[in-house]
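So the protein sequences, as listed, match chains A and B. Residues 58 to 320 in our numbering are what the first sequence spells out, letter by letter. Residues 271 to 521 in our numbering are what the second sequence spells out, letter by letter.
Keep in mind that the hints were calculated from the coordinates and are not lab data. Among these hints, one or two may not hold up.
[Claimed, not checked] Quick list of in silico lysine-lysine cross-link-like pairs, DSSO-like style, CA-CA up to 30 Å: (1) A/Lys230 / B/Lys391; (2) B/Lys388 / A/Lys215; (3) A/Lys230 / B/Lys299; (4) A/Lys215 / B/Lys299; (5) B/Lys391 / A/Lys105; (6) A/Lys257 / A/Lys92; (7) A/Lys92 / A/Lys181; (8) A/Lys230 / B/Lys387; (9) A/Lys230 / B/Lys388.
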Amino acid sequence: MALKRRTRGRLYRYSMYALFIAFIVLVAVATDWPKIGKQFFDLEVAAKLFPDIVIVALRNTVLFTLIAFAGGLLLGIVFALMKLSVIAPFRWFATAWIELFRGLPALLTIFAMAFILPIAFGIKPPGGPVGAGLIGLILVASAYMAEVIRAGIQAVPKGQTEASRSLGMSPMKTMFWIVLPQGFRIIIPPLTNEFVLLLKDTSLLFIAGTFIWSKELTSFARDANTMYANATPLIMAALLYLIVTIPLTRFTAWLERRMARQR
Amino acid sequence: MSTDLIDVHAPAIDIQGLVKSFGENEVLKGIDLTVNSGEVVCIIGPSGSGKSTLLRSVNLLEDPTDGHILIEGIDVTDEETDIDRVRQRIGMVFQSFNLFPHMTVLGNLTIAQRRVKKRSKDEAERVAQEMLARVGLAEKADAFPSHLSGGQQQRVAIARALCMNPDMMLFDEPTSALDPELVGEVLQVMRTLADEGMTMLVVTHEMGFAREVGSRLIFMDGGHILEQGDPREVLANPQHPRTQDFLSRVL
């Protein structure tokens, strides 16, 4: 006897649930829980990480992110304006810059800056190798942010510029008082996204070399991992990253929903 | 500075042989037009006739391809002219209002006063309140544009232009984006301005306004001025066949 279409659909759904649960149970049974608990969730090791994992590692991660974000934002504005400039060489330079640093792995840029700045230019950035690495991160951030900012500027209706210029405002004043404030409002979600990406990319700074006081979360966790021969520090670092990133991504999602409603 | 020397005897707007092309497309084909101080000149014509382009050329929102535009004797098409200074004397009102949405009404009215005219905050706000009262929106100073009706937004836009104490006002289809019941309040403000002696150049579809307020009516088509004269005359007794055809379709 042929089954009714609805019955067949229900049977299919139930068998999918059953398969999925069977898979989870299988993984759970196959896992060596005591070993995982000891290797990844060792409370004694976790306790030893405090307070340094917060007051040094997390603090540095946030600090480096803020520095890279601020630097990237400032440079990004400059390159966005250059890319929209009427002066052709400005546009070429900005395009080359953006393509260069978006096309290279961030790790390579950071590593290269740690060498190029002191050797080629004789520049010794504050903070030692991490400082030089941070400059690399700023360059990478500026390339990505320039494109976001350019899109924001172009999203502001032309009538806004026309109204401002008609009042006698110069192109500079129009950009600063009328276009940029509106453009930035539009790009808050992608900029928040960029902040989250940067926060994660600070983990690449280890390649430049770190001192005890300049370790960020990932290098701190790696070193602690080696020191205690236990992976709990990695889990702790992961949790601390998520404590910062998840609220930010939720915030972005909320902003995007709100903007979609306003439109 | 040359732009400070206003020739009081010069016409407010003197357009000579204005040509404007967008690529291959010639939109204005040699326009000559003089607007004297205190005149209210209305421009009508079918869409694509070049009337908005003509208006936008006066304060150089469109860069003329050829010809000269003199504002109170100053050639704004001259590369040496400081266009930002001249624009302060020309108020502009757009079809789509173009208020700054990130600022309150008061912010909209004071930003250029403070950044361009370098007025103090108190002075700028005093002028802003005075102009808001003129357009009947004194109580809306702290509102954001998005909370105002279209008619109110356009009146704020007029007040914003007035805050710069312009010698003349350009209106680019100021009521075309408005719901019919909101047109009257904007026209009333414009009528009051005209009565006070403001020099006005108005691109419009409001034939009633042109007839009652305008001191001259211009009919444009195909990038040319085809007919001009007293509004009552032109509307009642158009001479050019194209004017007759246009008016027969809109009236």
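Here's how the hints hold up against the structure:
Of the pairs offered as hints, the one joining A/Lys230 and B/Lys391 holds, with about 17 Å between alpha carbons and a cut-off of 30 Å not exceeded. A hinted pair counts as satisfied when its Cα atoms are at most 30 Å apart, and B/Lys388 with A/Lys215 qualifies at roughly 25 Å. Between A/Lys230 and B/Lys299, the direct Cα distance comes to roughly 34 Å. Violation of the 30 Å bound is thereby established for this hinted pair. Between A/Lys215 and B/Lys299 the CA atoms are separated by roughly 26 Å; this keeps the pair inside 30 Å, and the hint holds.
Between B/Lys391 and A/Lys105, the direct Cα distance comes to roughly 58 Å. Violation of the 30 Å bound is thereby established for this hinted pair. About 29 Å separates the Cα atoms of A/Lys257 and A/Lys92, which keeps this hinted pair within 30 Å; it holds. The straight-line distance between the Cα atoms of A/Lys92 and A/Lys181 is roughly 46 Å, outside the 30 Å bound, and the hint therefore fails. Between A/Lys230 and B/Lys387 the alpha-carbon distance is near 13 Å, which keeps this suggested pair within the 30 Å criterion.
Note on A/Lys230 and B/Lys388: the hinted pairing holds, with a Cα-Cα distance of about 13 Å set against a maximum of 30 Å.
Violation of the numbered hints given earlier is confined to hints 3, 5 and 7; the remaining hints are satisfied by the structure.
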